[in-house]
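Going down the list, the protein sequences come from chains A and B.
Here the first sequence stands for residues 1 to 314, where the numbers follow our numbering.
Here the second sequence stands for residues 1 to 343, where the numbers follow our numbering.
Take the hints with a grain of salt, since some may be wrong.
As the list claims (entries may be wrong) - Computed list of lysine-lysine pairs in DSSO-like fashion (alpha-carbon distance at most 30 angstroms, straight line): (1) K288/A to K323/B; (2) K190/B to K279/A; (3) K329/B to K255/A; (4) K94/B to K291/A; (5) K140/B to K255/A; (6) K229/A to K329/B; (7) K255/A to K289/B; (8) K289/B to K137/A; (9) K119/B to K137/A; (10) K84/B to K288/A; (11) K75/A to K190/B; (12) K291/A to K119/B; (13) K140/B to K279/A; (14) K323/B to K279/A; (15) K255/A to K83/B; (16) K255/A to K94/B; (17) K167/A to K75/A; (18) K75/A to K94/B; (19) K257/B to K229/A; (20) K255/A to K209/B; (21) K75/A to K119/B; (22) K209/B to K279/A; (23) K94/B to K288/A; (24) K279/A to K84/B; (25) K84/B to K140/B.
Unchecked claim - Example chain A residues on the side facing chain B (calculated, C-beta under 10 angstroms, incomplete): (26) G254; (27) V285; (28) G289.
Claimed, not checked - Residues from chain A that keep clear of chain B, each with C-beta distances beyond 10 angstroms, as calculated: (29) T110; (30) S141; (31) K167.
Please keep in mind that the hints were generated in silico from the structure rather than gathered at the bench.
Where a beta carbon is used, it is the ideal one built from N, C-alpha and C, also for glycine.
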Amino acid sequence: MKRGRFSKIVFIILLLGGAISAGIVYSQQGEQIPAPPEPAKEEKPAEEAKAQTPQIVTDCFESRLPQEDGKSYTKVTRVENTVQQYGWPNVKCSQTTGGVLWWGDPFDGTAPMGDMPVLANDDYSKGDYAKEEAVVKPRQSQLMYFNLDPNKNCALCHDGKIVPFPKDKKPRKLAAHQDVVADSMQLMHGRAAFWCLDCHNHTSRKTNALIDHWGNEISFNQPQKLCGKCHGEVYIDWRLGIHGKRIGSWVSGGKKRWWVCTECHNPHTVQVNRFQPIKPETAPVLPKGMKNANHEQSQHDDGHDTTPKGAAGH
Amino acid sequence: MSEEIKETGKEDASGNETRRNFLKDMGTAALAGAAALMTDSDDAEAKSTWAEWFQKNWRLMTDEEKKDAIARLETRYSEEYGKKVTVDGSPAMKSVLFGYALNIQKCIGCRRCVYACVKENNQSRHDTEIQWIRVIRMEKQNFLPDDMNKGYPPSAKEPFGIQVGGNAHKPAGVTLEGQHYYQPELVPEKDAFYFPIQCMQCEKPPCVKVCPVRTTYRDPDGIVVIDYNWCIGCRMCMAACPYWARRFNWGDPNLPKEEMNPNTHYLGNRPRMRGVVEKCTFCIQRSRKGRYTACVEVCPVGARKFGNLFDPNSEVRQILERKKVFRLKAELNTYPKFFYFID
């Protein structure tokens, strides 16, 4: 009750103030930024606008980078006006890191996930994913060796003649693919418990290039069917939307794009990095008057730093 | 609770009547003069600014008044930003209570969410730079039995005053110092973890309690919103918020035309003016239309999860059921709808 009346009074004061000065004038004595004096304000935007002329970055990556420099494993290309209703591009990319910073069209470049594998014991996943529209980004287009020849794919070399089919699963030194697996005798996945051919099909290297340990052939586009066989718990979480990532509609039953395992994990290096480190976006600007952020640096590396903690902080 | 709102609503509505009468009494002539002054230029902005002075708080507007307010804003923004801007006014969806969960183990501190949010929600880009999400870097430390038994340091100059665990020689566990301005070459770093904070959409929001004009309030879907037109800029809410979630427009926001997101909501990302407070609204312009928030969609590691707490199949509910979950400063009884979890 009291508050209601108070708001009325405030309104009236504001109204009078507004009618007189035709604008709100706030006292700006805060610790941040006092309004710049008028003339400076006139020049600054023009200058800054020039300095900040947005250079539109059109090539960006989503999550996964290669181990070494090179083409990203989750590349997206910005296309203008894909969402015509708002004049949005499909994505906006970071100028500093090349990472995706914003999704206009969450289903850009996707295809149906296909038959979602159903768990034998469906008790813990009540969600009926069969009814949900699920799409993924096909992995094949992102691979390097796969696209050396658009028709033969891996079979360009792995046709049984140029490179003979392997005789057994025993680890051996390889004559190629050092860029993918640096040392085939030390595969950085599974602590030496398995090898290439526990995941890669021995003979077929075209459409179903992957294979699980029950002999089911799997496409590069559905790695979850492979990874899920060994990483059951994570796979269940992934199915529930807890592990990994989905974008689009949050509504149960709504259309979603799912990230498959290899969009985040490099299957050949998970032991080095579960997730390949990336560059961070720029830090926020320091508040006015703060020269640097040294006050928040840690002072406990046994270096007996006696400088006082920054007064301006926090 | 709802009854209280209704009642005060009535009161306020009648209060509006009084305001009208007061205005009448002030003399139509004087008013007309002022109006003429303001609408002298044929500027859509001036006109709508004038109309906005007579606008009620969003909560108390009739559907008709809301429509007018929206139409007014759409015209003004479209002219100002040189593109077709839509202002949505849709109310909370039925049987929806929004919840958010963040996997603190997965977060790598890349700050993509920060900028996704800025792009989506039309924040001021520079002078003053406004960001609704803060990512705080925290250092991991070890508990070493040797250090524990050392006792207090010999010198008073030792800088380790406040710490969590450990002893006076060495901080252990988590040091209390959070770092906002970290900028390493690559993230994640070995000895750090990252702690993003933003509006927690509390069930009992301290900011709402202190607002003297009741322009910030909690909608039935759990989103704490602000009617910017009624914000008087007193910043009491900023002082009251235990989570450092609210930001103030010290100057006119700097929002370049080409970067302006034309999909807006009245209570969310429509362009703000100088002197008002703003904060995260779970991307109300998206979430009320069924779309994930911008920060969820952009997180490269999938640490951010969003959904309907009333839906047992939603990922947030599944997380509450299956993971170890905590809320920030739970002891304050603010009941955040933003959960942190670990696997």
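Each hint, compared with the structure:
no.: 1; hint: K288/A to K323/B; verdict: violated, 41 angstroms
no.: 2; hint: K190/B to K279/A; verdict: holds, 14 angstroms
no.: 3; hint: K329/B to K255/A; verdict: violated, 35 angstroms
no.: 4; hint: K94/B to K291/A; verdict: violated, 49 angstroms
no.: 5; hint: K140/B to K255/A; verdict: violated, 39 angstroms
no.: 6; hint: K229/A to K329/B; verdict: violated, 40 angstroms
no.: 7; hint: K255/A to K289/B; verdict: holds, 13 angstroms
no.: 8; hint: K289/B to K137/A; verdict: holds, 24 angstroms
no.: 9; hint: K119/B to K137/A; verdict: holds, 24 angstroms
no.: 10; hint: K84/B to K288/A; verdict: violated, 36 angstroms
no.: 11; hint: K75/A to K190/B; verdict: holds, 27 angstroms
no.: 12; hint: K291/A to K119/B; verdict: holds, 27 angstroms
no.: 13; hint: K140/B to K279/A; verdict: holds, 20 angstroms
no.: 14; hint: K323/B to K279/A; verdict: holds, 29 angstroms
no.: 15; hint: K255/A to K83/B; verdict: holds, 29 angstroms
no.: 16; hint: K255/A to K94/B; verdict: holds, 20 angstroms
no.: 17; hint: K167/A to K75/A; verdict: violated, 35 angstroms
no.: 18; hint: K75/A to K94/B; verdict: violated, 39 angstroms
no.: 19; hint: K257/B to K229/A; verdict: violated, 50 angstroms
no.: 20; hint: K255/A to K209/B; verdict: violated, 38 angstroms
no.: 21; hint: K75/A to K119/B; verdict: holds, 21 angstroms
no.: 22; hint: K209/B to K279/A; verdict: violated, 41 angstroms
no.: 23; hint: K94/B to K288/A; verdict: violated, 44 angstroms
no.: 24; hint: K279/A to K84/B; verdict: violated, 35 angstroms
no.: 25; hint: K84/B to K140/B; verdict: violated, 49 angstroms
no.: 26; hint: G254; verdict: holds, 6 angstroms
no.: 27; hint: V285; verdict: holds, 5 angstroms
no.: 28; hint: G289; verdict: violated, 13 angstroms
no.: 29; hint: T110; verdict: holds, 13 angstroms
no.: 30; hint: S141; verdict: holds, 19 angstroms
no.: 31; hint: K167; verdict: holds, 40 angstroms
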